[in-house]
Amino acid sequence: MYVTKEDVRGIAAYVRIGLAEDEIDEMTRDLNSIIKSLEPITEYDLEGVEPTFHPIAGLANVMRDDVVESGFTQEEALANAPEAEDGQFKIATILGGGGGGQ
Amino acid sequence: MTLSFAEYTTLSIADIQAGLNKRSFSACELMHAANDAIQLLDEGKVDAFLSTTPELALEAAKRVDAELTAGKTAGEIGLLAGVPLGLKDNMNLLGSRTTCGSRMLEQYESTYSATCVRKAQSAGALPIGKLNMDEFAFGSSTETSAYKMTHNPWDLERVPGGSSGGSAAAVAAGMLTVSLGSDTGGSIRQPASFCGVVGFKPSYGVVSRSGVVAFASSLDQVGPLGRSVADVAVVTDAICGRDPLDCTSQNIVPQFAQSALAGQREGIKGMRVGIIPAYLEAEGVAPEIVLALAKAVKHVESLGASLVEIELPHDSAALSAYYVIGPCEAFSNLSRFDSVRYGYRAGGVRNLEELYEQSRAGGFGVETTRRIMLGSYLLSSGVYNTYYYPAQQVRTLITEDYMRAFEQADVLLTPVSPRTAFRFGEISNPTAMHLSDIFTIPVNIAGNGALSLPVGLGEQSGLPVSIQIIGPQFKDANILRVAAALETCYDIPRVAPPASFRQPQAQTLSSLEGGAA
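Protein chains in written order, with our numbering: chain L, 1473 to 1574; chain Z, 2 to 518.
Only chain L is shown next, with the shape it has when bound in the complex:
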């Protein structure tokens, strides 16, 4: 057992995905099975091996002049917003229950 139901509840909260209790059960099972399959990675002798975080070695930093260029217009940026108001993204109230909840 690598992760308990309690761990999985914690991960779900951290990644902001609301899972129902039966989904937590199933996910606990799946994650344990997948993590078990990753065991080989813990069994290699990797003493002194440098990690490679990126497949292209020896890349130089890419620099450019700091010139202002137009990106999205406000209209384009808002085009796919589920809710917008006065040219801004609209979200739910940040704290509390917006009058209806805790």
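Keep in mind the hints are simulated off the structure, nothing from the lab.
One or more hints might be untrue.
Unchecked claim - Facing chain L, a subset of chain Z residues (Cβ under 7 Å, in silico): (1) T112; (2) Y324; (3) Y343; (4) R346; (5) V350; (6) R371; (7) I373; (8) L375; (9) R396.
Claimed, not checked - One-sided and incomplete, this derived list gives chain Z residues near chain L with beta-carbon spacing under 10 Å: (10) V325; (11) S360; (12) P391; (13) N445.
We treat Cβ as the ideally placed atom computed from N, Cα and C, and that holds for glycine.
Based on these hints, arrange chain Z on the given structure of chain L.
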């Protein structure tokens, strides 16, 4: 004249250019032929398309025809003038929906086009539509798409592979001349293999990923699928190169078509072809795959290449390294789906926290949720040093294996997939599904290029079998040269025979190795 379906499906890119120049047909006729083929074969049969873009295709076709009328040749208009092209639905195309096969992006309208798409369009391609895929490219069968199952044109009861399943199936069915896919661990090569088309994943950095929805940014690469080596080479020429919007993209001289031509004309005499004996003894590799590879090896020998036996001692670590690195990067990349700027938004929530949690729960499917949660776990403090860091160290060992291998060989010849296309639902265990990519994943880990080349139908399954040709990093010319030479040794149908579009017959799982199509 109008193009018949049979005529349309045999056209290569070179045929299209010649036909346009001789006025045998117009770009508008090509577009209509593509649309007719889709009408005939897609809905309820192959189901490769998530949406079509007839206005964009018509506009592009008219532009090509106008330039022809004005006296330009097809070649002067662009490498892909009049070529019907489909896009995996993780590629932004202005004027289309880009869903990534997810409910999360069901309503998402692209506000710009990906660089690879823009380049294809400016080369004269006709954007015909957007193609089905595993949700956010998480899968090897296209079964995790939130919208539909795409069927393998060689046997509608089987999966097309994945995650670029729609891209492979649409080309194999004859609906498109070429398509674009993306490949993080085999997602171009494996579906190309299952559907019997050519699929090319260039070296990491050859094609810009800007505008292609990211899965694992250190592994993702865009590439073409088509019915011949020459066609995928031309598409790569059209879409490759440095893009200021993707700092990993490299200055690449577009000589892919030239390399393919060299393979056809001059052959591969004197080239060194590496074979990996351990691959053929690997557990779970179907005998017909081993046989097909052995035949391909005979062909390269008869073409004058020399054979070298290669060892890749750390290859067995690639799969677990991939299933650490992939989910970690996906966890990070998919944090952007917050239902604020775009994406599915749940109703009836009381605060921002619930808005995030309910929207992400409602928008993401189970495989996506699994990978996000796995990535989060693997990156958590205390766990990071057990999996993530060693996975990146393993990446060094695998890369070094490849570098040593390519001191001895100019290309490696391997299987693409341990077996041919499987049935819907046949592999339901997530870890078992992961095994279908054992031969393709190491290539992404090392950042090299590789191509999936059809070599006929399997002796047992009767389904398409391909072999993989892997090249040294950024020497993708080697791959295309060998692939084009080897292609001349086979006489293979370029599209699935219409007979395989018959109503699926009831077949039991035990008749798996039985002979379909």
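Now the hints, each set against the structure:
1. T112: Holds, because the Cβ-Cβ distance from T112 (chain Z) to chain L comes to roughly 5 Å (cut-off 7 Å).
2. Y324: Where the cut-off is 7 Å and the nearest Cβ of chain L is about 6 Å from Y324 (chain Z), the hint holds.
3. Y343: The hint holds - Y343 (chain Z) has a Cβ within 7 Å of chain L, the shortest such distance being about 4 Å.
4. R346: 4 Å, holds
5. V350: 5 Å, holds
6. R371: Cβ of R371 (chain Z) sits 6 Å from chain L, so the hint holds.
7. I373: 5 Å, holds
8. L375: 6 Å, holds
9. R396: At 4 Å from the nearest chain L Cβ, R396 (chain Z) passes the 7 Å test, so the hint holds.
10. V325: 6 Å, holds
11. S360: 8 Å, holds
12. P391: Holds, because the Cβ-Cβ distance from P391 (chain Z) to chain L comes to roughly 5 Å (cut-off 10 Å).
13. N445: 8 Å, holds
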